[in-house]
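Peer 1: So you can see what is in the structure, the chains are spelled out below.
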Amino acid sequence: MNSNRRIKIVLAKPGLDGHDQGAKVVARALLDAGFDVHYTGLRQSPEMVVDAARRENPDVIALSSMAGAHLPFCTRLKPLLEEAGMGERLWIIGGSIPVADHDALRALGFKGVFATGSKLDAICDFIRENVR
Amino acid sequence: MNLPPGVRPVRNESGIEVKPLYTAEDVQASGGLAMLGLPGEYPFTRGIHPLMYRKQPFTMRQYTGFGNAADTNRRFKFLIDNGQTGLNVAFDLSTQCGLDSDDPMAEGEVGRVGMAVDTLRDFEIAFDGIDLDKITVSLTINGAAAILIAMYLAMAEKRGFDLKTLRGTAQNDILKEFVGRGTWIYPVEPSIRLVGDTIEYCAEHAPKYSPVSVCGYHIRESGATPTQEMAYGFCIARAYADEVIRRGVPVDEFAGRLSYNFNIFGNIFEQVAKFRAGRGLWAKIMKEEYGAKKPGSMWLRMIAGGGGGGLTLEQPENNIVRGAYYALLAALSGAQTMALCCYDEAYTIPSEYAQRISLRTMQLLVEEMGLAETVDPLGGSYYVETMTNQMRSEMERIIAETDAAGGIVKLIADGSIQSRVSAQAYRMARAIESGAFPKVGVNRYRSDEEVQRPVELHPYDAAAARAQIAALARIRDERDRVAVERALVRITTDARSGANLMPAIVEAVKAYATVGEITQRLVGVFGRYREPVRFDHREEQAA
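Chains as they are written, first to last, in the numbering used here: chain H, 291 to 422; chain Y, 2 to 544.
Everything labelled a hint here was simulated from the structure, so no lab data went into it. Hints are not guaranteed to be accurate.
Just a few of them, taken from the derived set where beta-carbon distance is under 8 Å, the chain H residues facing chain Y [said to hold, decoys possible]:
#1 Gly308
#2 Gln311
#3 Lys314
#4 Val315
#5 Arg318
#6 Gly324
#7 Pro388
#8 Asp393
#9 Ala397
#10 Leu398
#11 Val403
#12 Gly407
#13 Val421
The structure displayed is predicted, hence computed values, not measured ones. Glycine included, C-beta positions come from ideal geometry on N, C-alpha and C.
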C-alpha cells in the first residue's frame, strides 16, 4: 500500500459482551503505533459492524470478544462483510478465544487471531505486515 | 524518605510510597489513631460489628449460573450441599441487556455466561426447593435490575415468604456499568431514576432487602487504582442516595440497605488498608455529610471478592494460590461476604471442580486457619494503620477532585472516568509486557515451551437454548394476554408521568410479561444509552 497513507482500523465489540477493557487497551496501542482507529463501542450487531466498515472504509476490521460468542457472531458476519465488498480487507479478532476455535476462525477469514496474553506490539506488527 | 544506598523506592498501585519499616511515628505523622475506634462503634474502621466472624463467619457466595433455570438450580444445590451459605446468580447477556431469548441479538448468547431469564417462570424453577430464609440470594443484574428484583419479590411472595423479613441483594449499580461491564440499556438519567425507584420501593415493601450493591469492583477491573475504586464507588453511592433523598425519603430509611462490592487482587497490605480506610470514610460521609443517625446507615456492608483482574491465563494453577491469598486478605479486612474467581476463569465459565476448590479455599480459612476467631487481627500494626490513614486521605482527595470537576454523574455521562481508567489500564498492560509490573508466570518464571494445560471448557448448550426459546413461546401462548397488555400500558404511563415504576413492573412480571417486553416499553419512553467514545488522558500516560 501507499506508505504515506495511515492504515485505518475499525475496531468493534461484537454482540452483547460488555468487557471492553481489553478493546480499549488495544485501541490505545493502535493509536500510539500511528494507526487511524475507529472504535465502535459496545453492543454491535453484525449489521452494525458492516455499516461502520462501509462508512469508514477501513483497511482492517478488528473484533474484540471476551464472552464466548465469537463463533456464532463471526459466522453471521462473514457473508455480510463479503456482500459489502469487504472480503479482501484484513479481518482480525482478539480476546478470550480458546485455542480449539482458532482454526475455525481462520477458516471464516479471520487471518489474525490474538488470544488473551498476545503482545500489543505483535498485533501492530501483524497489521503492518498484512495490510495490502 | 531517605533510603539506604541500593534500596529502591516502592510505591503501591494507589501511588503511596511503601517504606521498609514503620514505627509509631509514622502512624502519628499520618493522622494518628483518631479514626480507629472499636469494632461495632463509629467510625467502624475495625469492623461494623463488635464480634464479627466470631459471631458469624463471612457468607460464601460463589458467582453461578448457566444454561436454563433447571441447570442453574442443580448447580445451586451442588454448592449448597458443599457448604455454600449464599447464592450469587449469574445471568446470560441477553437477560442482562433486557432482551428475550428469541431476540435476534440473543442468538448464540442464550444461557452462555449465565442463566437465561425471560419470565417469572424461570425464577420459580431456579429457586425451587431452596429456603430463601436460610440461603440469601444475590442477583448480579444491572440494566434489567428493576425487572429481576420484581421477579424475585413476586416469586418469594408466591412461595409464601414474608417480604417484610425477606433478605437478599441485587447488584443494580448502573453507573458503574457505564464505566465497566457494559450491560447498560437506558440513558444515564432514567437509569438513575430506576435505581431510585427500586430503593424507594424496597424501603417500603421489602425493608430487609438490599436493592443496590455499589461496585467499585468493575471500575477497578477497568483500570482504576484501589483508592479510585473505593472513592468512585462512594461517589456513585452518594448519587443514588441523593436521588432517593430528593424524593423525600429520610436517609436512615434506606441507607442501611445500601451494600458494596469491592475487588481483592493486588498487594495484601494495600488491600487490607483500603477496606479499613473505606469503612471509616463511608461512616464519616454518612454521618457528617448526610446526617445519618442510625449506625446501620453508616456501615460499609460489603462483598470483598472476585479478584479476576489479578488472575492469569498463563500457568492457571497459580490462580488457585492467588485465590487463597485474596481470600486471606478479604478475611483480614472484615468483609461480610466473600466470593472467589476460579482458577479456570481466564478460559471459561467455571467448572464444578474449580468452584469447589474456591469454596474450600474460603472454608479452610474459617475452619483451619483461625481467621474467624479474632476481629481485625491486623489492627494496631504500624504499617497497616499508617497505610489506612494514607489511603483514606487519598480517597478523600479523589472524591473532592471528582466533585470539583462536576460530580461523578457528569464525569461518567461524558466519558471522562472511562477514558481515565482505560488510560491507566493501557499503562498497566504495557508495564506487564515490559516486566516493570511483575506477574509470576507471565513476565517472570515463564516457560514458553510449556504445553497449555488442559482446562475443561464449559460447552455452550445449544439444545438448552432452543428449549428456553420453546418454553418462552409456550408461556406467551398460555398467559392472560389482556392482563399482560394492561400491565405494559401502565409501565409506559408511569414512565412518562415520573411515578415510581416498581408497582407497574411487579404487576407485569406477575402476569408473566417478559424481560424484553418490559424493557421495550421503557426504551419507548427513555430511549437507549449512547456510549461516549473517548481516548484522551494520553498526556497522563506520558507523565
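Peer 1: Of the hints stated earlier, which fail here?
Peer 2: Violated: hints 6, 8, 9, 10, 11, 13.
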